[in-house]
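2 protein chains.
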Amino acid sequence: MSKINIKQGHLKVINVGLENFARNITKAGHTAVDVAWKPPLSIDKALRQSIADRKPAMTEANQKALEIIQAGKPALVGMGIAEDLIPGMHKNLILHAGPPISWDKMCGPMRGAIIGALIYEGRAENPEAAEKLAASKEISYAPCHEHNAIGPMAGIISSSMPVFIVQNETSGNFCYATQNEGLGKVLRYGAYSEEVIKRLRWMDAVLYPVLKRAIEDLGKIDLQSLIAQALHMGDEVHNRNRAGTSLLIRQLAPALLRTMQNVEETTQVLSFINGNDHFFLNLSMPAGKAVLDAARKVPNSSLVVAMTRNGTEFGIQLSGFGDAWFTGPALVPDALYFPGYSKADANPDIGDSAITETAGWGGFAIAAAPAIVQFVGGNAADALNYTVSMYEICHGESRNYQIPGLDFRGTPLGIDVIKVVENNLSPIIDTGVAHKDPGVGQVGAGVVNAPMEPFMRAYEALAKN
Amino acid sequence: MSKINIKQGHLKVINVGLENFARNITKAGHTAVDVAWKPPLSIDKALRQSIADRKPAMTEANQKALEIIQAGKPALVGMGIAEDLIPGMHKNLILHAGPPISWDKMCGPMRGAIIGALIYEGRAENPEAAEKLAASKEISYAPCHEHNAIGPMAGIISSSMPVFIVQNETSGNFCYATQNEGLGKVLRYGAYSEEVIKRLRWMDAVLYPVLKRAIEDLGKIDLQSLIAQALHMGDEVHNRNRAGTSLLIRQLAPALLRTMQNVEETTQVLSFINGNDHFFLNLSMPAGKAVLDAARKVPNSSLVVAMTRNGTEFGIQLSGFGDAWFTGPALVPDALYFPGYSKADANPDIGDSAITETAGWGGFAIAAAPAIVQFVGGNAADALNYTVSMYEICHGESRNYQIPGLDFRGTPLGIDVIKVVENNLSPIIDTGVAHKDPGVGQVGAGVVNAPMEPFMRAYEALAKN
Chain C
0 MSKINIKQGH LKVINVGLEN FARNITKAGH TAVDVAWKPP LSIDKALRQS IADRKPAMTE
60 ANQKALEIIQ AGKPALVGMG IAEDLIPGMH KNLILHAGPP ISWDKMCGPM RGAIIGALIY
120 EGRAENPEAA EKLAASKEIS YAPCHEHNAI GPMAGIISSS MPVFIVQNET SGNFCYATQN
180 EGLGKVLRYG AYSEEVIKRL RWMDAVLYPV LKRAIEDLGK IDLQSLIAQA LHMGDEVHNR
240 NRAGTSLLIR QLAPALLRTM QNVEETTQVL SFINGNDHFF LNLSMPAGKA VLDAARKVPN
300 SSLVVAMTRN GTEFGIQLSG FGDAWFTGPA LVPDALYFPG YSKADANPDI GDSAITETAG
360 WGGFAIAAAP AIVQFVGGNA ADALNYTVSM YEICHGESRN YQIPGLDFRG TPLGIDVIKV
420 VENNLSPIID TGVAHKDPGV GQVGAGVVNA PMEPFMRAYE ALAKN
Chain D
0 MSKINIKQGH LKVINVGLEN FARNITKAGH TAVDVAWKPP LSIDKALRQS IADRKPAMTE
60 ANQKALEIIQ AGKPALVGMG IAEDLIPGMH KNLILHAGPP ISWDKMCGPM RGAIIGALIY
120 EGRAENPEAA EKLAASKEIS YAPCHEHNAI GPMAGIISSS MPVFIVQNET SGNFCYATQN
180 EGLGKVLRYG AYSEEVIKRL RWMDAVLYPV LKRAIEDLGK IDLQSLIAQA LHMGDEVHNR
240 NRAGTSLLIR QLAPALLRTM QNVEETTQVL SFINGNDHFF LNLSMPAGKA VLDAARKVPN
300 SSLVVAMTRN GTEFGIQLSG FGDAWFTGPA LVPDALYFPG YSKADANPDI GDSAITETAG
360 WGGFAIAAAP AIVQFVGGNA ADALNYTVSM YEICHGESRN YQIPGLDFRG TPLGIDVIKV
420 VENNLSPIID TGVAHKDPGV GQVGAGVVNA PMEPFMRAYE ALAKN
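If you read the sequences in order, they're chains C and D.
Each residue of the first sequence is one higher than the one before, starting from 0 at the first, in numbering that gives the first Met the number 0.
Each residue of the second sequence is one higher than the one before, starting from 0 at the first, in numbering that gives the first Met the number 0.
By construction, these hints were calculated from the structure, which means they are not laboratory data.
These numbers were taken from a predicted model, which means no experiment stands behind them.
Treat the hints loosely; a few may be bogus.
Because identical chains share one entry, a pair is satisfied inside a single copy or across any pair of copies.
[Said to hold, decoys possible] List time: in silico DMTMM-like cross-link candidates among lysine to aspartate or glutamate, alpha-carbon distance up to 25 Å:
| hint | residue 1 | residue 2 |
| --- | --- | --- |
| 1 | Lys435 | Asp52 |
| 2 | Lys90 | Asp103 |
| 3 | Lys90 | Glu194 |
| 4 | Lys131 | Glu120 |
| 5 | Lys219 | Asp276 |
| 6 | Lys211 | Glu263 |
| 7 | Lys418 | Glu59 |
| 8 | Lys435 | Glu194 |
| 9 | Lys54 | Glu66 |
| 10 | Lys44 | Glu59 |
| 11 | Lys211 | Glu264 |
| 12 | Lys211 | Glu124 |
| 13 | Lys219 | Glu264 |
| 14 | Lys184 | Glu264 |
| 15 | Lys463 | Glu421 |
| 16 | Lys72 | Asp43 |
| 17 | Lys296 | Asp52 |
| 18 | Lys435 | Glu127 |
With the hints as extra help, turn the sequences into a complete structure.
Below, the structure is given as structure tokens:
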């Protein structure tokens with residue numbers, strides 16, 4: 000084992016921008032920009048040399064992996080039932096967010112969501128029975144990421160849930176995600192009350208068939224185009240999806256009418272989506288994964304193809320390491336907490352939604368979404384700085400997704416483990432925060448840095464590859 | 000007559016910002032900001048002294064007028080037919096954009112739109128007959144602005160056209176505007192072909208009743224909220240209305256279904272609005288006018304309550320001067336021309352849409368819409384600079400409409416004629432450009448400065464008041 004000194008806790012983002020950009024620009028004077036000093040990580044010399052020796056091969060591999068990511072074209076092509084579509088899905092399998100984890104190590108919100116899913120599936124009549132079943136050998140667990148699927152927060156997918164089918168049209172691979180439930184008491188935050196189950200059943204009986212028909216009518220919905228537009232409209236498609244949701248409704252509405260079987264149900268569907276600005280998240284996430292999955296298994300590449308958290312551990316996967324996981328403890332975010340809540344209430348970071356950052360959106364594109372600072376804290380200059388700093392750890396810039404406020408510069412794309420470690424700068428994630436107890440829901444939101452440990456482990460593996 | 004030396008042509012906006020903000024911020028070094036020198040206007044000493052003497056009274060009046068504007072709450076409250084709603088409207092009256100003008104002085108696009116309107120009204124069978132009727136004493140003309148109405152580009156409203164009813168809920172006054180036709184061959188750009196008339200009849204027979212029922216179902220649509228949100232989503236609600244249109248569709252869609260009488264027609268309506276990102280312009284404009292009209296007739300106020308162009312003249316109205324017009328020649332914009340067109344093809348500036356700038360949106364809020372520089376030219380820093388420079392000529396900042404990229408600073412609000420003249424800085428207008436011949440349509444778009452002459456005339460009048 001090499002000597003690795005990992006500083007626990009959140010690493011500070013370097014300040015490469017203007018502290019008070021707006022104020023300074025109005026003063027129309029000279030503007031000083033500070034680059035905060037950051038202590039380098041202590042990396043074993045032999046390890047660093049080994050990486051240096053491999054850099055030419057890695058750079059070439061990274062270029063190849065990046066080209067695959069650049070070429071990705073995600074589209075919503077249909078809907079179906081998890082069991083019929085997701086490879087390896089069966090009645091006793093429950094998929095969850097993050098790297099692999101067993102029931103006994105799961106956090107409160109993930110356990111709560113599993114309890115809810117078992118009730119929804121008719122496998123248990125009450126939470127006590129569900130919990131007992133969940134802990135038994137009858138039920139097995141696997142990460143969404145290992146089954147071509149993805150889910151926000153707890154990320155629970157059980158066999159009869161309806162899912163969106165997102166395809167990367169360039170490489171043909173698929174990714175599946177459930178329909179977003181909205182805010183408040185929802186399964187993905189670990190709630191399992193009657194209200195939650197009732198909504199899931201309505202999503203199954205009404206939302207799903209109505210949307211499925213409309214999508215079939217349209218043939219497909221071009222998610223690359225919707226995401227690119229949303230980034231021009233103040234979304235970063237992780238914590239802010241108002242534009243994406245609005246653009247989706249615009250495109251769906253005529254098709255919903257053309258395929259309408261029941262006016263009342265279609266009205267309910269339009270009202271439901273209109274009432275949920277996060278609806279598009281469950282399309283941006285599979286869009287990101289469908290694009291990144293195509294870049295798995297490029298030998299020698301040090302690019303990250305997945306970052307995700309199960310509420311206990313934070314895990315990443317690399318292009319050059321197939322399905323191997325590099326993990327470390329998930330941290331409790333230093334977030335902007337809703338009134339009445341504090342960090343003491345918060346669950347450690349959870350959810351597959353950091354796929355958006357991995358795809359160059361979310362925290363990486365937050366400069367496109369200055370309005371989000373009202374939700375996650377900070378000011379407009381912070382939003383610019385967050386994005387600008389991420390170019391330092393990426394292999395390239397997106398050709399498809401641009402930031403108007405940076406003169407249409409492409410978003411930072413292709414997180415390189417080597418750059419993360421050697422710059423001591425971990426990826427920024429623009430995240431929601433769940434209460435640590437099941438059933439409470441969201442208690443905050445914020446911009447946080449990924450823990451360095453998984454990246455250090457991946458660095459080590461690359462050095463020894 | 001006082002000695003006034005007006006420099007003809009477009010005045011250059013001072014550069015108070017960062018020429019290459021994005022590039023500089025990535026360099027993370029020091030950033031120099033230039034303030035371009037601008038020659039002061041030559042103003043007669045006695046005139047300037049007279050204004051100086053009146054400034055305390057004017058400042059007080061401006062504060063009063065600004066408070067009325069700040070308090071304005073525009074809402075879409077219904078739809079109806081022009082003749083039934085617009086005060087003084089009758090079958091032989093045609094309303095147009097800009098200050099008053101007679102047929103013989105009208106530009107090509109305005110004449111074309113009037114020809115189209117007379118054919119649409121069934122008053123003429125062909126363009127020749129329409130032109131003859133238009134030039135006769137039978138038809139009279141008046142500015143939309145003098146009839147509680149407003150229209151983009153040619154701004155033609157004839158008696159049987161359906162109109163939106165927008166009310167300023169604070170003061171109770173109304174403003175009326177037609178439904179936006181989309182781009183291409185459209186009446187407002189002076190086109191009058193069969194395709195144009197056919198679309199107007201469909202808007203009359205289908206779009207209007209379907210929307211009217213949905214709006215009645217909703218009771219009202221809060222335009223203050225929609226515009227405030229749109230400014231957080233990359234619109235400036237003049238040349239870019241994609242977010243406003245999307246948010247409108249979201250809100251309308253469930254109501255369209257609840258009030259549906261015919262699926263095919265409702266589908267057509269949703270497809271039409273979805274296909275026209277400018278649809279919301281014909282709501283942002285009356286919203287602006289409804290708010291500003293309430294601030295008319297505040298004695299001694301030097302704030303502008305209307306800026307508008309008829310394609311021949313540019314006119315402004317002041318809070319302190321009731322319905323008096325101060326005018327000067329409209330200029331041909333230095334715009335970004337569409338491929339195949341140049342300044343030689345362009346009509347002088349036309350349309351009531353500069354009401355959006357007067358209300359603190361459009362060019363004044365262009366920092367909220369960096370993506371628009373792809374359409375109007377320049378870069379993201381220009382967009383910031385345009386907005387920042389407009390604070391210099393405004394009495395205050397909006398409490399309702401904010402710019403995320405300037406840390407939620409309120410938009411520049413309450414254009415003060417005194418500041419415009421004494422700073423030699425005329426308002427920025429983010430405008431579309433019409434071909435000078437009727438029927439061709441839009442040939443460009445750009446950010447232009449209003450001519451100084453109307454402001455100088457108003458300044459003179461204030462000095463002699």
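Verification of the hints:
Proximity of Lys435 and Asp52 under a CA criterion of 25 Å is satisfied in neither setting, with 44 Å inside one chain copy and 66 Å between copies. Within a single copy, Lys90 and Asp103 get their C-alpha atoms as close as 21 Å, which meets the 25 Å cut-off; across copies the closest is 79 Å, which misses it. In the homo-oligomer, the alpha carbons of Lys90 and Glu194 lie at most 25 Å apart inside one protomer (23 Å), although the nearest pairing across protomers, at 58 Å, exceeds that limit. Proximity of Lys131 and Glu120 under a CA criterion of 25 Å is satisfied intra-copy only: 15 Å inside one chain copy versus 75 Å between copies.
Taking the shortest alpha-carbon separations for Lys219 and Asp276, both the intra-copy value of 21 Å and the inter-copy value of 21 Å come in at or below 25 Å. For the identical chains of this complex, Lys211 and Glu263 are neighbours both inside a copy (17 Å) and across copies (20 Å), given an alpha-carbon limit of 25 Å. Proximity of Lys418 and Glu59 under a CA criterion of 25 Å is satisfied intra-copy only: 15 Å inside one chain copy versus 59 Å between copies. Taking CA atoms no more than 25 Å apart as the test, Lys435 paired with Glu194 passes inside one copy only; the shortest distance there is 20 Å, against 62 Å between copies.
Within a single copy, Lys54 and Glu66 get their C-alpha atoms as close as 18 Å, which meets the 25 Å cut-off; across copies the closest is 64 Å, which misses it. For a Cα distance limit of 25 Å, the shortest separation of Lys44 from Glu59 inside one copy, 24 Å, qualifies, whereas the shortest one across copies, 72 Å, does not. Within a single copy, Lys211 and Glu264 get their C-alpha atoms as close as 13 Å, and across copies as close as 23 Å, so both meet the 25 Å cut-off. Proximity of Lys211 to Glu124 under the C-alpha cut-off of 25 Å is found in neither arrangement, the shortest distances being 30 Å within a copy and 49 Å between copies.
In this assembly of identical chains, the alpha carbons of Lys219 and Glu264 lie at most 25 Å apart whether taken from the same copy (22 Å) or from different copies (24 Å). For the homomeric pair Lys184 and Glu264, the shortest alpha-carbon distance inside one copy (22 Å) is at most 25 Å, but the shortest distance between copies (38 Å) is not. With identical chains, the CA atoms of Lys463 and Glu421 are at most 25 Å apart within one copy only, with a shortest distance of 16 Å there and 71 Å across copies. For a Cα distance limit of 25 Å, the shortest separation of Lys72 from Asp43 qualifies neither inside one copy, at 40 Å, nor across copies, at 64 Å.
Within a single copy, Lys296 and Asp52 get their C-alpha atoms as close as 21 Å, which meets the 25 Å cut-off; across copies the closest is 78 Å, which misses it. Taking CA atoms no more than 25 Å apart as the test, Lys435 paired with Glu127 passes inside one copy only; the shortest distance there is 19 Å, against 76 Å between copies.
This entry does not satisfy hints 1, 12 and 16, going by the numbered hints stated previously.
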